[in-house]
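Asker: What follows is each chain in one-letter form.
There are 2 protein chains.
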Amino acid sequence: MSWFRNLIQIPTVKSSIRGRSLLKNSSFLFTSLSHFTNDANQLKNPPPPTQYAGLGPTSSTQKPRMVVLGCGWAGSRLMKEIDTKLYDVVCVSPRNHMVFTPLLASTCVGTLEFRSVAEPVGRIQPAISTEPGSYFFLANCTDVDTDKHVVHCQTVTDGVDTMDPWKFKISYDKLVIALGAEASTFGIQGVKEHAIFLREVQHAQEIRRKLLLNLMLSDMPGIPEEEKSRLLHCVVVGGGPTGVEFSGELSDFIMKDVHQRYAHVENYIHVTLIEANEILSSFDDRLRHYATKQLIKSGVHLVRGVVKDVKPQKLILNDGTEVPYGLLVWSTGVGPAPLVKSLTLPKSPGGRIGIDEWLRVPSEQDLFAIGDCSGFLEGTGRPVLPALAQVAERQGKYLARLLNKIGEAGGGRANSAGGIDLGQPFVYRHLGQMATVGSYKALVDLRQGKVSSTFLLYQ
Amino acid sequence: MSWFRNLIQIPTVKSSIRGRSLLKNSSFLFTSLSHFTNDANQLKNPPPPTQYAGLGPTSSTQKPRMVVLGCGWAGSRLMKEIDTKLYDVVCVSPRNHMVFTPLLASTCVGTLEFRSVAEPVGRIQPAISTEPGSYFFLANCTDVDTDKHVVHCQTVTDGVDTMDPWKFKISYDKLVIALGAEASTFGIQGVKEHAIFLREVQHAQEIRRKLLLNLMLSDMPGIPEEEKSRLLHCVVVGGGPTGVEFSGELSDFIMKDVHQRYAHVENYIHVTLIEANEILSSFDDRLRHYATKQLIKSGVHLVRGVVKDVKPQKLILNDGTEVPYGLLVWSTGVGPAPLVKSLTLPKSPGGRIGIDEWLRVPSEQDLFAIGDCSGFLEGTGRPVLPALAQVAERQGKYLARLLNKIGEAGGGRANSAGGIDLGQPFVYRHLGQMATVGSYKALVDLRQGKVSSTFLLYQ
Numbered sequence: 001m002s003w004f005r006n007l008i009q010i011p012t013v014k015s016s017i018r019g020r021s022l023l024k025n026s027s028f029l030f031t032s033l034s035h036f037t038n039d040a041n042q043l044k045n046p047p048p049p050t051q052y053a054g055l056g057p058t059s060s061t062q063k064p065r066m067v068v069l070g071c072g073w074a075g076s077r078l079m080k081e082i083d084t085k086l087y088d089v090v091c092v093s094p095r096n097h098m099v100f101t102p103l104l105a106s107t108c109v110g111t112l113e114f115r116s117v118a119e120p121v122g123r124i125q126p127a128i129s130t131e132p133g134s135y136f137f138l139a140n141c142t143d144v145d146t147d148k149h150v151v152h153c154q155t156v157t158d159g160v161d162t163m164d165p166w167k168f169k170i171s172y173d174k175l176v177i178a179l180g181a182e183a184s185t186f187g188i189q190g191v192k193e194h195a196i197f198l199r200e201v202q203h204a205q206e207i208r209r210k211l212l213l214n215l216m217l218s219d220m221p222g223i224p225e226e227e228k229s230r231l232l233h234c235v236v237v238g239g240g241p242t243g244v245e246f247s248g249e250l251s252d253f254i255m256k257d258v259h260q261r262y263a264h265v266e267n268y269i270h271v272t273l274i275e276a277n278e279i280l281s282s283f284d285d286r287l288r289h290y291a292t293k294q295l296i297k298s299g300v301h302l303v304r305g306v307v308k309d310v311k312p313q314k315l316i317l318n319d320g321t322e323v324p325y326g327l328l329v330w331s332t333g334v335g336p337a338p339l340v341k342s343l344t345l346p347k348s349p350g351g352r353i354g355i356d357e358w359l360r361v362p363s364e365q366d367l368f369a370i371g372d373c374s375g376f377l378e379g380t381g382r383p384v385l386p387a388l389a390q391v392a393e394r395q396g397k398y399l400a401r402l403l404n405k406i407g408e409a410g411g412g413r414a415n416s417a418g419g420i421d422l423g424q425p426f427v428y429r430h431l432g433q434m435a436t437v438g439s440y441k442a443l444v445d446l447r448q449g450k451v452s453s454t455f456l457l458y459q
Numbered sequence: 001m002s003w004f005r006n007l008i009q010i011p012t013v014k015s016s017i018r019g020r021s022l023l024k025n026s027s028f029l030f031t032s033l034s035h036f037t038n039d040a041n042q043l044k045n046p047p048p049p050t051q052y053a054g055l056g057p058t059s060s061t062q063k064p065r066m067v068v069l070g071c072g073w074a075g076s077r078l079m080k081e082i083d084t085k086l087y088d089v090v091c092v093s094p095r096n097h098m099v100f101t102p103l104l105a106s107t108c109v110g111t112l113e114f115r116s117v118a119e120p121v122g123r124i125q126p127a128i129s130t131e132p133g134s135y136f137f138l139a140n141c142t143d144v145d146t147d148k149h150v151v152h153c154q155t156v157t158d159g160v161d162t163m164d165p166w167k168f169k170i171s172y173d174k175l176v177i178a179l180g181a182e183a184s185t186f187g188i189q190g191v192k193e194h195a196i197f198l199r200e201v202q203h204a205q206e207i208r209r210k211l212l213l214n215l216m217l218s219d220m221p222g223i224p225e226e227e228k229s230r231l232l233h234c235v236v237v238g239g240g241p242t243g244v245e246f247s248g249e250l251s252d253f254i255m256k257d258v259h260q261r262y263a264h265v266e267n268y269i270h271v272t273l274i275e276a277n278e279i280l281s282s283f284d285d286r287l288r289h290y291a292t293k294q295l296i297k298s299g300v301h302l303v304r305g306v307v308k309d310v311k312p313q314k315l316i317l318n319d320g321t322e323v324p325y326g327l328l329v330w331s332t333g334v335g336p337a338p339l340v341k342s343l344t345l346p347k348s349p350g351g352r353i354g355i356d357e358w359l360r361v362p363s364e365q366d367l368f369a370i371g372d373c374s375g376f377l378e379g380t381g382r383p384v385l386p387a388l389a390q391v392a393e394r395q396g397k398y399l400a401r402l403l404n405k406i407g408e409a410g411g412g413r414a415n416s417a418g419g420i421d422l423g424q425p426f427v428y429r430h431l432g433q434m435a436t437v438g439s440y441k442a443l444v445d446l447r448q449g450k451v452s453s454t455f456l457l458y459q
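Just so you know, the sequences run in chain order A and B. Quick note on full-length UniProt numbering: the first sequence kicks off at 1 and runs consecutively. Quick note on full-length UniProt numbering: the second sequence kicks off at 1 and runs consecutively.
Rather than coming from a laboratory, the hints here were simulated on the basis of the structure. Be a bit skeptical, because a hint or two may be false.
Each pair may be met inside one copy or between any two copies, as identical chains are not told apart.
[What the hints assert, rightly or not] DSS-like cross-link-like pairs, simulated, lysine-lysine; straight-line CA separation at most 25 Å:
no., residue 1, residue 2
1, Lys63, Lys308
2, Lys405, Lys63
3, Lys167, Lys311
4, Lys314, Lys167
5, Lys308, Lys192
6, Lys63, Lys293
7, Lys80, Lys63
8, Lys192, Lys80
Build the full structure now, drawing on both the sequences and the hints.
Answerer: Structure (structure tokens):
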């Protein structure tokens with residue numbers, strides 16, 4: 001018997017109160033409490049001796065179990081489209097929501113609220129909250145055993161003392177790896193400790209908090225000019241779409257909010273964007289020139305440089321230049337996550353999980369990989385697709401349909417999909433790309449392949 | 001010259017770009033960067049040798065300076081009503097917003113958003129953002145020197161490595177202490193480490209995060225029943241309005257959101273409210289009975305007990321009973337803040353700063369105290385008023401008018417208010433009290449004094 005059910009017997013309302021306080025009747029309360037005063041009582045049913053519990057293989061009375069690792073663009077779209085009459089869905093992810101990453105930069109300065117860019121997994125696929133065999137587990141996958149069709153997981157407790165990390169296993173019929181990628185630091189010391197990435201909601205929250213804190217601290221009486229300028233120097237490293245969009249948002253924030261609300265320090269706050277090569281290198285030349293012009297016009301300092309070292313309050317460029325900062329945002333691109341690196345699966349160029357044209361890991365049964373963590377194997381003759389939301393999202397959509405088809409054809413169980421016609425392979429068609437540069441201006445690059453080339457500027 | 005202004009010379013837009021990328025012209029960029037490659041350059045104007053800078057006494061060309069310590073109900077109402085033509089307002093507080101405390105409990109479970117209960121100081125008194133002599137300083141007051149009319153302060157950096165703590169002094173013409181009170185722990189070990197108070201927005205955020213985390217953790221496969229019940233056991237210590245309202249909100253959350261979204265664990269989650277005496281002891285007897293009935297009806301376990309010790313995952317009552325918990329909220333009332341204790345001013349019964357009928361500290365010039373940190377001196381023959389928002393708010397309003405009157409009569413400067421007629425002393429009239437108990441039900445106690453006694457129940 002759980003200690004808890006003995007804590008207090010709730011009397012029915014009718015029997016309990018007639019113009020007197022129940023609490024006065026303390027003997028009533030302590031009688032029921034006494035059930036669990038003795039520690040030995042609690043140990044009548046001790047917890048199982050192993051810490052490695054889990055969900056075992058599905059039986060023939062259950063639906064086949066699809067395990068999805070990750071809930072970014074790829075995993076979320078997959079879960080949204082999967083037919084939950086055919087599969088139980090189990091999602092394992094260290095966060096319980098999908099982030100609409102293209103709008104994350106706007107939340108750092110209050111243009112958007114955080115909850116506007118985050119959608120709970122349980123709302124993307126309601127079966128996860130309600131169906132008895134479907135679950136969301138707030139955990140990291142620590143290993144994949146493809147022979148036994150099992151994933152090993154460990155809970156994420158984020159430094160809270162609420163529970164020790166808990167390990168468990170989940171047997172799968174189908175496994176979809178959609179773990180995404182990790183921010184690259186290129187092994188530069190101090191980046192993880194002192195810079196903030198811009199990939200999750202908590203990163204945006206941290207940026208917002210630090211920006212406001214620095215604005216307030218810089219206003220303290222007697223702060224030396226140097227220190228004031230340092231605190232209000234926002235440095236962005238990496239001139240891809242994320243870095244450029246964040247710089248644009250910051251300069252909008254400075255021109256509007258700071259001038260209105262922090263008038264005392266408005267002349268001290270500045271934004272510097274450091275990039276080793278070209279900003280927005282994937283965009284057309286003329287769009288890049290336009291973006292450069294716009295950023296400079298809105299007061300962003302563009303610096304070409306390579307960061308060598310990051311200290312708590314300054315960074316050092318390759319040529320020895322020291323750049324003091326108050327806020328440092330790092331957005332230099334992404335690379336494979338540690339789990340992806342550690343898996344002994346065939347890899348695509350760039351170290352991603354190698355997949356075939358049907359997004360399968362061809363050497364394994366029932367294993368698929370989509371999104372930034374996956375790339376076409378060299379043998380397919382296809383190039384590795386860029387780490388973009390539109391690639392991930394369309395792979396998720398394609399794979400959901402493929403798995404629904406497999407399920408309908410009776411191939412949902414582990415090792416049972418042989419011989420089922422998979423239909424057309426996945427084909428990616430690039431629809432173009434966009435980036436905002438602040439001041440309500442954006443770039444739209446609609447080039448498709450290398451032949452036709454169109455672009456627009458919205459003003 | 002600040003290093004920062006040398007970072008990059010922004011060319012005018014016209015001269016800079018004509019169809020070419022500025023970034024390609026790296027020599028231009030590095031010329032301007034080279035100004036600060038040498039550390040020695042930065043030290044041409046070293047910061048002042050002392051770390052104790054600040055705002056000196058006001059001159060006759062400036063407005064008199066009113067310093068307000070704190071921005072709760074008392075300080076915020078004062079700042080809102082003060083005439084900024086008569087005074088420059090300087091607010092010193094470790095948080096940059098006022099919290100609408102009666103609605104804080106509702107934010108813990110998502111009934112209200114956090115920003116709905118927080119109002120920035122700069123919006124309460126816009127002069128603080130815009131007037132050259134008015135400021136908000138994110139800092140703690142560390143000492144008050146009433147002889148020199150100076151407050152000593154230190155910045156709050158909240159563990160962020162953005163800046164070392166900075167000390168400064170502010171000279172005042174009028175000083176209003178509105179520091180509020182601190183949550184009482186009665187010296188019980190482990191409360192500060194493991195329990196969450198419910199007095200600030202970040203407390204509500206922590207409660208919300210931990211509640212969701214525990215809901216998700218308890219759903220992990222293989223978690224023992226005991227552990228599941230512990231994680232989902234929400235314990236509230238203290239049966240005053242805060243504890244009761246939070247318990248009510250929690251039980252609403254369980255009955256609605258948990259049953260919808262966390263169906264797997266709905267039978268495990270429970271709320272226990274521990275109180276040493278009566279719940280809602282300041283309310284009328286019949287209202288208390290009604291509240292008790294309602295709470296029990298909504299599934300809240302009421303326990304009479306005294307907490308002796310708090311461990312990371314369980315608390316121990318005086319009789320040795322151990323109560324495992326997943327979430328522990330502490331709301332047992334308030335006591336004087338450390339600074340209030342340390343000030344060598346005459347105190348009221350209960351250790352608050354002693355004030356007279358005009359809310360002055362009578363032994364000092366130009367010193368006032370309002371809200372939870374103040375209490376009438378025994379010599380006034382008046383009782384110390386309860387630590388309620390309505391007391392603080394009305395004291396703030398009264399004092400703003402009194403100080404406006406003094407300012408208009410030419411007594412705004414330090415040591416210049418002698419002989420000015422202060423008018424009527426402050427009179428507090430209790431307007432009654434309210435508390436919600438969940439399920440859209442609330443208590444309203446409209447008794448005034450001890451004679452007439454009316455009460456209402458909303459259903």
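Asker: Each hint: holds or not?
Answerer: Consistency of the hints with the structure:
no.: 1; hint: Lys63 with Lys308; in the structure: neither (53 Å within a copy, 50 Å between copies)
no.: 2; hint: Lys405 with Lys63; in the structure: within (15 Å within a copy, 78 Å between copies)
no.: 3; hint: Lys167 with Lys311; in the structure: between (36 Å within a copy, 24 Å between copies)
no.: 4; hint: Lys314 with Lys167; in the structure: between (40 Å within a copy, 22 Å between copies)
no.: 5; hint: Lys308 with Lys192; in the structure: within (14 Å within a copy, 42 Å between copies)
no.: 6; hint: Lys63 with Lys293; in the structure: neither (57 Å within a copy, 45 Å between copies)
no.: 7; hint: Lys80 with Lys63; in the structure: within (18 Å within a copy, 63 Å between copies)
no.: 8; hint: Lys192 with Lys80; in the structure: neither (33 Å within a copy, 43 Å between copies)
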